[in-house]
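J.: Residues per chain, in single letters:
There are 2 protein chains.
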Amino acid sequence: MNGAESLIKVALAAGVDTCFANPGTTEMPLVAALDSVPGMRAVLCLFEGVCTGAADGYARMSRKPAMTLLHLGPGLANGLANLHNARRANTPIVNVIGDHATWHQAADAPLASDIVSLASPMSGWVRSTKSAHALSDDMADAIAASLTPPGKVATLIVPSDCQWDDAAKIATPRAAAKPATVSDGTIKRIATLLKSGKPVTILLGGPALSAEGLKTAARIAAGSSCKLMVETFAARIERGAGIPSPARLPYFPEQAIEALKGTGAIVLAGAREPVAFFGYPGLPSKLAPEGCAVETLGTVAEDVVGALDHLAEAIAAPKSVPSTQSKLPPRPSGKLDPVSLGAALAALQPDNAIIMDESATSGGAYGTMASAAAPHTCLALTGGAIGQGFPTATGAAIACPDRRVISLQADGSGMYTVQSLWTQARERLNVTTILCSNHAYRILQIEAARAGNTEPGHNARTLTELSSPEIGWAQIAIGLGVPGVRVETADDLVKHLENAIRSDGPHLIEVML
Amino acid sequence: MNGAESLIKVALAAGVDTCFANPGTTEMPLVAALDSVPGMRAVLCLFEGVCTGAADGYARMSRKPAMTLLHLGPGLANGLANLHNARRANTPIVNVIGDHATWHQAADAPLASDIVSLASPMSGWVRSTKSAHALSDDMADAIAASLTPPGKVATLIVPSDCQWDDAAKIATPRAAAKPATVSDGTIKRIATLLKSGKPVTILLGGPALSAEGLKTAARIAAGSSCKLMVETFAARIERGAGIPSPARLPYFPEQAIEALKGTGAIVLAGAREPVAFFGYPGLPSKLAPEGCAVETLGTVAEDVVGALDHLAEAIAAPKSVPSTQSKLPPRPSGKLDPVSLGAALAALQPDNAIIMDESATSGGAYGTMASAAAPHTCLALTGGAIGQGFPTATGAAIACPDRRVISLQADGSGMYTVQSLWTQARERLNVTTILCSNHAYRILQIEAARAGNTEPGHNARTLTELSSPEIGWAQIAIGLGVPGVRVETADDLVKHLENAIRSDGPHLIEVML
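Protein chains in written order, with the working numbering: chain A, 24 to 536; chain B, 24 to 536.
Careful, some of the hints might be misleading.
Which copy is meant is left open, because identical chains are indistinguishable; a pair holds if it fits in one copy or across any two.
Straight-line alpha carbon distances no greater than 35 Å define the calculated DSBU-like cross-link-like pairs of lysine-lysine that follow [said to hold, decoys possible]: (1) K250 x K218; (2) K358 x K87; (3) K358 x K153; (4) K284 x K153; (5) K211 x K284; (6) K153 x K309.
None of these hints come from the bench; they were simulated from the model.
Construct the entire structure; sequences and hints are all you get.
T.: This is the structure we're talking about:
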């Protein structure tokens with residue numbers, strides 16, 4: 024047994040059985056070990072940003088880490104943007120990065136770079152393996168680190184000689200840590216606050232966005248005068264008919280400030296204290312009104328659903344709340360725009376779908392209508408690093424082969440990791456991409472206007488328009504092995520969406536907005 | 024005048040007039056300044072790896088830096104792999120990375136990350152601007168740092184308030200540093216070595232690979248018994264009829280060791296001491312034979328061409344050497360393979376072409392034939408981080424609108440930065456891509472076999488084959504606005520290559536190998 028085989032063995036023993044990979048020469052012993060040690064599903068991605076984004080989607084859905092296998096500093100670098108999103112989503116991921124043999128590192132060969140410096144900003148845990156003997160312990164530690172609540176990106180750097188040298192043992196997987204229980208004192212303090220008559224907003228995030236968490240929160244709201252909101256970009260939230268759907272904290276700071284106006288206390292339940300996504304002249308970083316208390320019921324690393332449950336009990340909240348069902352809009356016809364697009368998707372999405380929403384400005388209408396759709400799981404772009412949608416949809420489909428994945432994807436962001444479509448084709452994944460083609464980085468055009476640049480000049484237009492040439496998304500999809508079609512009316516969208524959802528394998532529908 | 028405008032003004036004053044950009048909200052004042060201060064050509068790239076690779080190609084050809092404009096840590100991260108290649112090529116590049124407003128950084132907003140930690144491994148100079156007043160001085164320093172011999176990647180991080188706040192002044196561009204002259208003592212020492220009768224190999228690299236440098240080296244070889252070799256991956260080398268074409272140091276260590284066998288001394292002229300690209304069991308890091316002296320005539324940061332000139336004089340080398348002209352193979356017909364592909368390109372490439380060679384295993388035959396082709400400039404993948412070819416071809420075409428660029432591109436690497444094709448279409452660049460479609464990461468299959476994995480199992484095949492599904496490159500090109508065609512015979516390749524070279528704008532020819 025060599026080091027590489029000991030790494031794969033301990034991964035399998037710990038339940039890590041899926042590897043999103045784009046290896047190179049320094050990972051060859053690990054590639055061989057993926058065959059000599061049976062049990063790991065290896066998924067080739069044609070760019071590392073696909074590997075890391077897929078690992079994120081996989082773990083958001085399966086609640087266990089996948090492994091990535093990446094090649095040296097540049098291979099990791101290509102995956103960092105989606106590791107950034109995973110870090111903000113608190114997703115457990117175990118990156119295995121090959122490195123030059125320990126004795127070759129002093130040579131500063133062309134592909135050498137400071138991998139630790141690259142990995143650290145996007146990882147909660149980083150280690151370089153020192154020997155083949157240490158490798159399986161290091162891997163066991165990496166997996167345990169990734170599972171430390173609330174979930175972390177763990178990066179293990181493995182020199183190639185530590186892969187091919189003999190290894191004497193396989194480590195025992197570490198016991199998985201559990202989220203800490205919220206103290207009775209905290210529950211009492213928040214219960215008192217809720218009964219104080221002060222206008223309280225509970226901001227729900229992370230684990231509180233499960234169906235159970237949202238239902239318990241709705242009971243608390245019914246049993247007190249408090250308001251509920253959910254964080255702006257949820258790693259994973261359950262939505263649809265029968266599931267309470269509190270308003271989302273708005274994205275732009277002016278609107279968020281308006282939404283929080285009059286709040287006397289914000290109670291954080293798995294969410295972070297609300298801050299502006301960007302700093303703007305004359306607007307604050309923190310969005311809570313002046314003088315508003317910010318209290319924590321539970322952090323994302325704690326058992327927030329349990330805490331909500333105790334809180335509901337403490338305030339003697341009703342045992343259940345009738346669900347206020349919003350009405351589905353009719354199937355749209357005629358013009359294609361964000362409203363008819365949203366209506367088509369909300370009407371047609373099958374039960375228990377997974378919606379990966381990186382629709383940016385095109386998905387606003389859908390976001391409102393989705394609460395009336397069939398129950399589903401929605402995954403958002405968590406860290407603002409565009410290019411998460413395609414890969415995360417890919418990983419989610421691998422985690423949940425029995426569920427339909429719908430990837431609601433903006434065009435500008437989609438181009439970042441378009442290579443994902445090939446993996447969807449190769450693995451025959453049931454992913455339907457609705458590609459929102461508005462031929463612009465629309466959010467930047469909005470931001471330019473907000474900054475007073477209302478009549479953008481040549482260069483500002485050059486840098487925010489995606490027309491000239493127009494991108495042919497259906498053609499690109501076909502080139503990557505995914506059936507693609509362009510639609511220009513709502514009727515055609517309905518027709519092709521119905522078809523795609525009914526058929527097996529990936530599809531891409533290019534929606535001309 | 025705000026900080027952003029002061030930055031653009033000092034850039035233009037220093038001769039930096041091209042900006043490869045993919046901005047976001049934190050760069051909006053700089054985007055506005057690209058219009059309020061006229062003179063900068065802004066080129067939109069649909070992924071940051073395209074921006075940085077294009078800046079590399081631009082500066083390799085124009086000998087002056089371009090500016091990149093990237094969005095926060097994740098935007099920079101997406102560009103790091105090609106910055107790695109640029110660092111290994113000693114290319115001057117000035118990255119301008121927007122950051123959150125100074126007063127917003129404590130909020131740890133979703134897109135915040137440690138940009139310095141990300142930038143440092145791939146940069147020779149990094150600074151974070153502290154105020155709008157300091158910005159133009161910082162930019163002048165960044166440009167000067169990038170031009171410090173041999174050329175550096177300089178990264179300037181600019182918080183958004185430093186862009187929008189008022190700036191009082193525009194800095195004066197710094198005087199550009201010149202490469203240091205090699206001392207007479209060194210020239211004498213190497214001249215003595217050449218006359219000593221010891222078998223000497225001069226390893227040429229960096230600036231020594233200009234036509235002048237290669238001709239002077241050929242005179243030195245003619246006037247002594249020394250052998251010439253060129254470094255394995257040259258950032259830029261002049262090749263073709265009339266230009267001496269010493270053998271390249273082979274890529275695999277066994278072959279490099281064989282090529283250097285019997286050498287008593289290696290003289291480095293703009294090249295680094297030869298080391299193995301990767302470490303392999305039983306093979307050394309350093310490739311020079313045991314006991315072989317390694318002497319430096321001049322480093323890549325010194326005036327190596329001047330040093331070669333002095334050396335030629337010191338050994339009284341002949342004033343010129345008749346060029347040994349190798350014969351062009353005839354235009355190929357019949358089967359498409361690396362040999363017929365190489366023959367077609369060598370026969371048809373026009374005078375003064377720029378060849379961006381990221382052909383990996385498909386380009387070996389062409390590499391040998393190219394010495395007989397029309398004189399041209401060849402750019403190689405310098406740092407081993409695949410995905411450089413498409414972007415670097417794009418930047419080279421922008422630097423040299425009067426020259427034809429031919430992008431000889433492997434399929435696996437090409438998929439990394441395929442978005443480049445859109446920029447080629449938008450900017451109507453005269454780039455002809457020859458896409459070598461062999462449906463595999465062939466180099467990895469070779470590496471697996473070298474490591475003894477001669478009968479790869481399911482996972483090893485999964486991770487190295489690009490078939491299933493086959494990638495439709497011509498379709499992808501068309502989807503990105505570039506005319507694309509698939510060819511399956513050498514005759515068709517010749518026909519379409521002739522057409523593409525004669526017509527304006529970009530073309531892609533998918534060569535089925």
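J.: How would you label the pair K358, K87 (within, between, both, or neither) given a Cα cut-off of 35 Å?
T.: neither (42 Å within a copy, 50 Å between copies)
J.: When no copy is named, should K358 and K153 be tagged within, between, both, or neither for a Cα gap of at most 35 Å?
T.: Answer is neither; intra-copy 61 Å and inter-copy 50 Å both fail.
J.: One pair to classify: K250 and K218, alpha carbons no more than 35 Å apart. Within, between, both, or neither?
T.: within (13 Å within a copy, 89 Å between copies)
J.: At most 35 Å between C-alpha atoms: does K211 with K284 qualify within a copy, between copies, both, or neither?
T.: within (26 Å within a copy, 80 Å between copies)
J.: State whether the alpha carbon distance between K153 and K309 is at most 35 Å within one copy, between copies, both, or neither.
T.: between (44 Å within a copy, 22 Å between copies)
J.: Please work out whether the CA atoms of K284 and K153 approach to 35 Å or closer within one copy, between two copies, in both situations, or in neither?
T.: For K284 and K153, the Cα distance is within 35 Å only across copies (34 Å; inside one copy 55 Å).
The earlier numbered hints that this structure contradicts are 2 and 3.
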